[in-house]
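Could you slot chain P with the ligands onto chain L? The hints should help.
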Amino acid sequence: MRITLHVWRQKNSTDTGGMKEYTVDGVSEDMSFLEMLDLVNENLINEGKEPIAFDHDCREGICGTCSLMINGIAHGPDAAITTCQLHMRSFKDGDAIHIEPWRSLAFPVVRDLVVDRSSFDRIVQAGGYVSINAGAAQDANCLPIPKPDSDTSMDAAACIGCGACVASCPNGSAMLFVSAKIGHLAHLPQGQPERYKRARDMVAQMDAEGFGACSNHYECEAVCPKEIPVKFIAKMNRDFFKATMCSES
Amino acid sequence: MAFNLDSKVPEGPLAEKWTNHRFNLKLVNPANKRKFKVIVVGSGLAGASAASSLGEMGYNVDCFCYQDSSRRAHSIAAQGGINAAKNYPNDGDSVRRLFYDTIKGGDYRAREANVYRLAEVANDIIDQCVAQGVPFAREYGGLLDNRSFGGAQVSRTFYARGQTGQQLLIGAYQSLSRQIAQGSVKMHVRSEMLDLVMVDGHARGIVVRNLVTGEITRHAADAVLICTGGYGNVFYLSTNAMGCNVTAALQAYKRGAGFANPCYTQIHPTCIPVASDHQSKLTLMSESLRNDGRVWVPKKKDDDRAPNDIPEEERDYYLERRYPSFGNLVPRDVASRAAKERCDAGHGVGTTKLAVYLDFADAISRLGEDVIRARYGNLFQMYEKITAENPYKVPMRIFPAVHYTMGGLWVDYNLQTTIPGLFCLGEANFSDHGANRLGASALMQGLADGYFVAPYTVSDYLANHGAMDADKKVTTSHAEFDKVEGEVRARIDKLMAIKGTKSVDHFHKRLGLIMWENCGMGRTAEGLKQALVEIPKVREEFWKDVRIPGDVAEFNPELEKASRVADFLDFAETMCHDALTREESCGGHYREEHQNEEGEAQRDDVNFVNASVWEYMGEGAAPELTKEELIFENVKLTTRSYK
Ligand SMILES: Cc1cc2nc3c(=O)[nH]c(=O)nc-3n(C[C@H](O)[C@H](O)[C@H](O)COP(=O)(O)OP(=O)(O)OC[C@H]3O[C@@H](n4cnc5c(N)ncnc54)[C@H](O)[C@@H]3O)c2cc1C
Ligand code: FES
Chain L
1 MRITLHVWRQ KNSTDTGGMK EYTVDGVSED MSFLEMLDLV NENLINEGKE PIAFDHDCRE
61 GICGTCSLMI NGIAHGPDAA ITTCQLHMRS FKDGDAIHIE PWRSLAFPVV RDLVVDRSSF
121 DRIVQAGGYV SINAGAAQDA NCLPIPKPDS DTSMDAAACI GCGACVASCP NGSAMLFVSA
181 KIGHLAHLPQ GQPERYKRAR DMVAQMDAEG FGACSNHYEC EAVCPKEIPV KFIAKMNRDF
241 FKATMCSES
Chain P
1 MAFNLDSKVP EGPLAEKWTN HRFNLKLVNP ANKRKFKVIV VGSGLAGASA ASSLGEMGYN
61 VDCFCYQDSS RRAHSIAAQG GINAAKNYPN DGDSVRRLFY DTIKGGDYRA REANVYRLAE
121 VANDIIDQCV AQGVPFAREY GGLLDNRSFG GAQVSRTFYA RGQTGQQLLI GAYQSLSRQI
181 AQGSVKMHVR SEMLDLVMVD GHARGIVVRN LVTGEITRHA ADAVLICTGG YGNVFYLSTN
241 AMGCNVTAAL QAYKRGAGFA NPCYTQIHPT CIPVASDHQS KLTLMSESLR NDGRVWVPKK
301 KDDDRAPNDI PEEERDYYLE RRYPSFGNLV PRDVASRAAK ERCDAGHGVG TTKLAVYLDF
361 ADAISRLGED VIRARYGNLF QMYEKITAEN PYKVPMRIFP AVHYTMGGLW VDYNLQTTIP
421 GLFCLGEANF SDHGANRLGA SALMQGLADG YFVAPYTVSD YLANHGAMDA DKKVTTSHAE
481 FDKVEGEVRA RIDKLMAIKG TKSVDHFHKR LGLIMWENCG MGRTAEGLKQ ALVEIPKVRE
541 EFWKDVRIPG DVAEFNPELE KASRVADFLD FAETMCHDAL TREESCGGHY REEHQNEEGE
601 AQRDDVNFVN ASVWEYMGEG AAPELTKEEL IFENVKLTTR SYK
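Quick mapping for you: the protein sequence lines, in order, are chains L and P.
Note that the numbering used here gives residue 219 to position 219 of the first sequence, counting from 1, and the numbers run on in steps of one.
Note that the numbering used here gives residue 434 to position 434 of the second sequence, counting from 1, and the numbers run on in steps of one.
Excised from the complex, chain L in its bound form:
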């Protein structure tokens, strides 16, 4: 296959950046999308040009590092996968593909297609945990947890923190990410003691990082590679309101 790429190039966070066009031949359908980019980079290096920087690590859809807007869709055209799981058989000879970094004020561009998502880490640091020290735990089976609760918790915990939800939201909202963490812990007995404080503190940090509010576009759910449902946003809102209304410390 021959593919034409339009790729966002930006030398560093202060550079203005712009789209550049590249043509790549010899793309096979077995290649993953990132292997296609490897090929483009190999060619660029051989031509003495600078390769395209993009983020990736596990290349199997679990680490949440890869992050590309492909033809305007986070993680590309196929549902429920990450960019690294996308294969070139989803495209055809002669296609033009536009590739951009995650778009959000709270994710500044580091270089080309690489962004800084440390705001996500800071939100978790604000309260996305259970306060327990190593060694202080009771026997794991002391506290039975109804299977449906544990399953719902796991549905939320499946979040890989990639940021596709933010990149797709017209408001640049991080509500799906934050609600996944809050939902994961709120469905477990271990998460109860800090439940409302957690919701309040994490939401406050989310706002401080400059993420927008949710106005129910549900783009986040549509692109989430782990299919995390927006019902967690509603649940988070309930916890957040309760936390602010009762304003216990």
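Any given hint could turn out to be false.
Said to hold, decoys possible - The calculated lysine-lysine pairs, modelled on DSS-like cross-linking and capped at a C-alpha distance of 27 Å, are:
(1) L:K20 / P:K561
(2) P:K37 / P:K483
(3) P:K26 / L:K49
(4) P:K186 / L:K197
(5) P:K561 / P:K544
(6) P:K494 / L:K49
(7) L:K49 / P:K509
(8) L:K231 / L:K197
(9) P:K472 / P:K33
Unchecked claim - Partial list, derived from the structure: chain P residues whose beta carbon lies under 8 Å from chain L:
(10) V130
(11) A131
(12) G141
(13) R161
(14) I216
(15) T217
(16) A241
(17) Y451
(18) P557
(19) K561
Worth flagging that the hints you see were computed from the coordinates, not collected in a lab.
For glycine and all other residues, C-beta sits at the position ideal for the given N, C-alpha and C.
Just chain P with the ligands now, with coordinates in the frame of chain L:
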């Protein structure tokens, strides 16, 4: 100069060693803990659990990882589960049995006392993780569910769907985040350790490159913990993440830390085969698939028919044929070798002929497609995404791939390397899995090391050797930091100055091929000697002709890769020396010269009941070998048989 390898295994009966030892270890007074700084390199299960635990105890911790968030360490990719001897299913499990299975699975090449301790603290890990909010699978009664895994006859594996590693890492990441918020841990992301700084023979700091700005920084501490994972990427293609590397461990080795059993590599039998030259990594299909899938190849050589056109009587279910009692459930090393043997003999399938079938047709007709979907749906979907083939209709094609490295920095019972003050945890050390790791035991080991072992043993080191007074502390203005930083800079400048014609990947692929062919699943003296001739050639060419675009002082992924590949090129020979001198077959190390009439691995318990510990002697020079004899007082060495 040979190492003086004191394993520091405590006296007393096996089951009491750790308890006694903990009592004998020195403590640091709570008020004094904040006077100490500990560096933790790595934020995977081992690093994150160690950093958060040390932070909780009151130490100042600096933690480093190369990813953009500590949550993305490669522990995240583990699918299957984590072992513990809770005996919740009441099927006869015990700490002693978990110990025994792990020692036996490792083909009797691990240290008894360490493995026993691992089995002992495994239960605490499950408690700890549940308390953190790890959503392990549960039964309808609300209690934890277990499943079985290779190499064991009991159900002792805890799991969270197919994402156990992810959930355990998130648990550790949450604890780490709490410590970061409290100020006890300072996290440095996108930061790569490039060298170790030693002062008066003790590890006292590291030199790091900031991967965003290219800035080189110095970090001093009272102790350094290396938790940087495995080095499977020396083979280029593996199930590891793209960034997994040997850099930190190699620099420690070059500065005098012993490297133990570097040739012990686990090749996992069920991975999606290589499709083309462009392949950048290999994807694991969980071991659990062999519970219901049957492995076969055509009886006829070079049979090009589609699998479903090959009649039953023309299929060779070679695992069932060779190992009637274990069948498709033989351990990983045995299954991998058997697949290679069939492909080498011309029975491989698929376009590359380097694959065998894993067929679910029988299981589907027996149990129905729905049951199979419930068990393995996500794996089948993953397979279909990559290969565009529907495994409900056509047998999967699988082939072995490099997965895990049992070798690593030598550590004593305290997880301390041969360098005082330098500790090594998780996959990066050599300690617990011997020559072959059983499924679901790496997660257990990483968390055991980080939550329950290192916090005690590091404290003991600090109590004995840490400088309490500020004016006695080593600072980053020490001359050794000047020297090491200078060396790091010189090396980077040298790389950038080559301005050759070939990409980093070009060299990495060549190295990978040499290693796969000569130091992979089957090894011979001849092949290993050949590799020892070829590796230096590739290295020489790399240092003459690699092309690294861009600048030093910027985000430069090609420079990162180049530095890692340069380290793999330095390290690969030590692996080959190790494989060459270990004149036996054990676990994942299969020397073709050492097999019995039936082609099974033949251990040599007269000459090789030891760990081989290597000392770096300079680039291109053969490293020197010291052996740690392994003493078995509690188990009897038997031949593993799965017939
Ligand atoms: C696909 C797959 C599936 C697996 N499934 C299972 C399973 O089901 N059960 C099981 O028990 N085991 C499994 N394993 C093995 C297990 O996941 C690993 O052995 C284990 O997680 C390693 O943990 P770690 O903390 O030692 O290293 P890692 O998780 O690899 O972490 C390494 C850390 O070190 C950092 N680092 C590396 N080099 C540097 C450097 N130079 N400077 C700074 N930081 C650095 C990285 O950023 C990272 O934070 C699996 C492995 C793979 C690849
Ligand atoms: S690279 Fe890990 S999810 Fe894509």
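Hint by hint, here is what the structure shows:
1. L:K20 / P:K561: holds, 25 Å
2. P:K37 / P:K483: holds, 22 Å
3. P:K26 / L:K49: violated, 57 Å
4. P:K186 / L:K197: holds, 24 Å
5. P:K561 / P:K544: holds, 16 Å
6. P:K494 / L:K49: holds, 20 Å
7. L:K49 / P:K509: holds, 21 Å
8. L:K231 / L:K197: holds, 20 Å
9. P:K472 / P:K33: Given that 27 Å is the threshold and the Cα spacing comes to 16 Å, the pair holds.
10. V130: Holds. Min distance 4 Å.
11. A131: Holds. Min distance 4 Å.
12. G141: holds, 6 Å
13. R161: Status holds, d = 6 Å.
14. I216: violated, 18 Å
15. T217: Violated, because the Cβ-Cβ distance from T217 (chain P) to chain L comes to roughly 18 Å (cut-off 8 Å).
16. A241: Holds, because the Cβ-Cβ distance from A241 (chain P) to chain L comes to roughly 4 Å (cut-off 8 Å).
17. Y451: holds, 4 Å
18. P557: holds, 6 Å
19. K561: violated, 10 Å
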